[in-house]
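So you can see what is in the structure, the chains are spelled out below.
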Amino acid sequence: METSSHDVLLVGGGGAGLRAAIAVAETNPKLRVAVISKVYPMRSHTVAAEGGAAGVVKPDDSIDEHCYDTISGGDWLCDQDAVEAFIKEAPQELLRLEHWGCPWSREPDGHIAVRAFGGMKKRRTWFAADKTGFHILHTLFQTTLKYNEIFRYDEWFVTKLLVDDGRVCGVVAIELMSGRIQAITAKAVVLCTGGCGRVFPYTTNAAIKTGDGMSLAYRAGAPLKDMEFIQYHPTGLPFTGILITEAARAEGGYMLNKDGYRYLQDYDLGRPEPKPVLRSMELGPRDRLSQAFVKEIEKGRTIHGPYGEVVHLDLRHLGEKLINQKLPFVRELCLKYEGLDPVTQLIPVRPVVHYMMGGVSTDINGATPLPGLYAAGECACVSINGANRLGSNSLPEILVFGARAGVAAAEFASGAAEQVSQAVLAQAEDERRRLEQQFLRKTDGNERVAVIREAMQKTLESGAGIYRTQKSLEDAATHLAILRERAGNIALDDHSRTFNTELLSALELHCMLDVAICIVHSALSRTESRGAHQRTDYPDRNDRDFLAHTLISQDEHGAIRVNYKPVTITRWPPGERVYGQPTQTAAKA
Amino acid sequence: MDSAAARARASAGGHSQTAPAYTEFHPRWYRPRISTYWWLGRWPYVKFILRELSSVAVAWTVAFTLFQLWSLSQGEVAYSTFTRRASSPIMIALNVIAFGFLLLHSITWFNLAPKAMAVRVSGKRLPAILISGPQFLGWFAISAIVLWIYMVRT
Amino acid sequence: MEAKKSHEPIFWTLFSAGGVVAALLLPVHLFIFGMAVPLHWIHGPAYNLLLSLAQMPIARLYLFVMCSLPLFHFAHRFRYTLYDGLQIKHLNEVVFASCYGIAVLGTVAAGWLLWRI
Amino acid sequence: MAAGGTRVRTANSDRSESITMARNIDIELQVSRYSPEQDLEPHLQSYRVPIRDEWVILDALNYVKDKIDGTLTFRWSCRMGICGSCGYMINGEPKLGCATFLKDYAPGPVKIEPLRNFPIVRDLVIEISDFLEKLKKVKPWLIHEGSNGQGEYLQTPDQLEQFRQHSMCINCLLCYAACPISGLDPIFIGPAALALAHRYNKDSRDQGSAERMATLSHPDGIWGCTFVGECTRVCPKHVDPAGAIQQYKLAAAMDGMKSFLMPWGKR
Ligand SMILES: Cc1cc2nc3c(=O)[nH]c(=O)nc-3n(C[C@H](O)[C@H](O)[C@H](O)COP(=O)(O)OP(=O)(O)OC[C@H]3O[C@@H](n4cnc5c(N)ncnc54)[C@H](O)[C@@H]3O)c2cc1C
Ligand code: SF4
Ligand code: F3S
Ligand code: FES
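Protein chains in written order, with the working numbering: chain A, 1 to 589; chain B, 1001 to 1154; chain C, 2001 to 2117; chain D, 3001 to 3267.
Simulated from the structure, these hints should not be mistaken for laboratory data. Among these hints, one or two may not hold up.
As the list claims (entries may be wrong) - In silico DSS-like pairs for lysine-lysine, Cα to Cα no more than 27 Å straight-line:
| hint | chain 1 | residue 1 | chain 2 | residue 2 |
| --- | --- | --- | --- | --- |
| 1 | D | Lys3137 | B | Lys1115 |
| 2 | D | Lys3067 | A | Lys458 |
| 3 | B | Lys1047 | A | Lys321 |
As the list claims (entries may be wrong) - Beta-carbon label-pair distances, calculated as ranges:
| hint | chain 1 | residue 1 | chain 2 | residue 2 | range |
| --- | --- | --- | --- | --- | --- |
| 4 | C | His2040 | B | Lys1124 | 48 to 56 Å |
| 5 | B | Asn1111 | C | Gln2055 | 34 to 42 Å |
| 6 | D | His3043 | A | Arg561 | 37 to 45 Å |
Said to hold, decoys possible - Pulled from the structure, derived: some chain A residues nowhere near chain D, Cβ distances all over 10 Å:
| hint | residue |
| --- | --- |
| 7 | Asn446 |
| 8 | Gln457 |
| 9 | Leu547 |
Every residue, glycine too, gets a C-beta built ideally from N, C-alpha and C.
Okay, chain A solo, but in the shape it has when bound:
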């Protein structure tokens, strides 16, 4: 089998992976660094982020306030040392991006402009119109072109981590174009593979967000952290799941039920004011808004649409000028995908799965418990998001922790010796054989990828959705076990080596099943309600038993183990999450 070798290998070419690549190149230009990605890097899903990236820059703001918003927003499940480091570095990272050419929106005097965002007490979200992620990703990608030392494997799919003697020393990957299966060894591997929204049926996430990295780490024996915390975004378009950014509410949009009533006032989220108020009503945190939606369904106050229940997002009072200036992409999406114009019409929305708070457990430098393995971005869980991520915290997260993981991996690789034993190559050879036998050359299966995928998605939605119970989760667990069994029996139509996307969806399905099982088992164990994890059978938060991170892992025999690790509390003792107190008016214009 062919092998190639690098010092640091970044798996994933999204915001986190590219930022890490630059960090490696800058830390030690002599290192052979490579980025491997299943899509061309600029197609990664960071491209879809709309609203913005939070970073303290304005004089009226402070690090402590951003920390507090983040920690309380995360229902005190954040590691506070990590949060503090993150919030201190976020503005520097955003500024670095500015120096790399990111077209941030500006104040008339030329300074960076900031906007309000859900759950934030101050206006601190940097934005590039409503295509922030797009601009961040393209800026990063174009900047990496400057570094000749960054090698790219575009459209390669990683199927396995190579582990030797407890240390991660590379990956096995398929080159899509040729179908070649190859070992790529490295002294340090950084997982930056993004989230896993596709395990659910309605999601803002792209087709590529299938939790591959989480599954790779899990199979290699690394624990996943806080997998039960899944963020629903309250305003997705029905059917497509396309996101209508929170910025639409930050600019002053209303949420209305079928009576045209701003129903959020009934859920402890403050009083309705004509202008948006920070941390209140429409600018409450996402978990609470999504939960309010379910309650509205129960009260029969939602609108029946062709794709289930919806409520309305009302932007009409903002006027055409403001919508064009601040929310052009929202208007474009509505016109293109719903055939309606938000200037004159109501937008039908529903909560859709948006973000995975959990992920591969790492320390503050992105290191996992497995030596040589690092993780950053949405696929990692450093624990700054806790039980509920605040909007606009994850773009700075991929930058801060992408950079940190890159530096840590570079330092590790600079000191480590190359470790490519015979055993490693044998492992790679085994993996190649598995892929051939289980997928490419298999002829006797009778299951279709799409069928199992749909069943899995339905199972998760009903079993581990916005509200969960012991029963719903146990049913889901049983069902997933069956689906996993059936997935072993998949038959592909496509046996070609060239660009075999069906093989890819089969491999992704296996990853998603791993992730789904972790979600359900983590949720089963946490018998409390906190942030995005709401158990109707345990409706209260229980700090005595669960002020702790869930760690789920697999032993050598494939048995699932769930452990807990206490949350790091430094300066902000757990309190109650209070929203809706009028503190400050968000929008001046």
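Dock chains B, C and D with the ligands against the given chain A, drawing on the hints supplied.
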């Protein structure tokens, strides 16, 4: 719209295929050949080619004018030969066609100019009409003046 | 290759200038002498008057510009039309020489004629 | 548009009604298939898919992939017109599969082919590494000498506006498929890459235009473009590469004339 192009491409591909057979792990790309008549298949391309060919009318008009100037310099007899030749049906037909192309040239030229010039007034890009409009006006004015001079002075 | 690189802006400038002149001046000229007069829409010119008109310095300059620049416009456009329309980029040098040859010859002819007229 | 097939727009005003109207109606997709392991050249294959009001072409392709034929191969990811993966020729026009409604092509058939002017890898998948090479050539990154340290580079909204439009490119390559020059002359750098270069040149924070000039003011660069203008017409993000290139030509010509007329004036 694309059928002509597709057919041309398919047939071109048909006989130009000398690619080696597929070998495992070596992708074998298909490279469609562009037909010589690519510009015939689609209306925007036809428009483009017509626009480009207007340059022939431009050259023709200059040649015609040079011939006229030459005749003028050669005395009255020569010039009357010129007028006679210019009145032949073939010449008239050619000139009518050339005139059509000249109009096409003028119109497309003025309409494209705003693209090349991003004129900004207090931060806002000037709307296209404000750039092409004056050019059209200038064109009409110059034409009118020339016609007027000709009518009055000769 | 290198030489062409540094000259391309000049050719393009000539092309553009020629394009403007051709767009502004040529239609009316061809309209008068190629259509209106032969078709007797307007009266034919008296030779002497026309000659004296053409002999005015300003008219000479006008006519020179009207003839010369558009030829460079033609040379540039026609060259690319041949490349793209007929896919004969390999005949680059020949096409280039003939197109610009025509433009230069035409310009010299115009200059000479207007000088002598 | 001229020969765009019969295009029937189903009424969009009353959604629920048009959904029931459209249901149970099929449409024929004619998809270009090419498998390098078996075929010498592409051929069309027909599939019948239902028409749903809210379906885009990509949904129809996914329906085929999931339900009818798992071997059908195409790229996609975001399904919201921002990742740039899903450019196909739809009835001969370069379009994003996720931003083109199926119902607009009723009663069909709809022909879906890989983007023109690129080598075909398989079915609708094209080879784009050539574009990435070209992109790298134009140095699409901010070049700024000196104080690269603290503090932001100030930029007023007006200055941002100077290049904002050209920064919207999603690299979908529809413009390359539309530009005949890109097909005829493979070394032509092409619309999107040139527009991106222009984007950086126009950025008030950038100082690299002189450095980029060598690549851009070259017969393979801006001078290769004959202003067909199709790139701008098909661009789904209104990047206006045609305009960017012409503006750059003007600037380069000024620059060239200056050094031609005043060779001594070179700084
Ligand atoms: C619609 C939307 C809007 C959002 N808006 C905001 C916002 O306004 N503010 C904010 O802060 N956050 C926002 N987010 C969240 C944020 O965008 C993401 O969390 C973040 O971009 C994740 O970046 P990443 O680098 O971790 O992963 P991604 O950008 O998803 O990149 C993952 C990379 O991994 C590669 N990869 C995955 N699996 C494999 C494999 N098996 N082999 C090889 N390569 C692989 C992929 O090719 C890709 O390059 C939004 C998210 C969505 C979906
Ligand atoms: S310029 Fe427009 S058409 Fe071309 S790649 Fe960019 S977004 Fe696509
Ligand atoms: S279509 Fe091509 S020729 Fe120029 S204007 Fe656009 S790049
Ligand atoms: S799927 Fe991303 S642009 Fe169409």
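Hints versus structure:
1. D:Lys3137 <-> B:Lys1115: holds, 25 Å
2. D:Lys3067 <-> A:Lys458: The hint holds at about 18 Å.
3. B:Lys1047 <-> A:Lys321: The hint is violated at about 37 Å.
4. C:His2040 <-> B:Lys1124: 48 to 56 Å: Because 51 Å falls inside the window, the suggested range holds.
5. B:Asn1111 <-> C:Gln2055: 34 to 42 Å: Holds: the Cβ-Cβ distance is about 37 Å, inside 34 to 42 Å.
6. D:His3043 <-> A:Arg561: 37 to 45 Å: Because 53 Å falls outside the window, the suggested range is violated.
7. Asn446: holds, 13 Å
8. Gln457: With a cut-off of 10 Å, Gln457 of chain A remains clear of chain D, as the shortest Cβ separation is near 13 Å.
9. Leu547: Label holds. Min Cβ-Cβ 37 Å, cutoff 10 Å.
The earlier numbered hints that this structure contradicts are 3 and 6.
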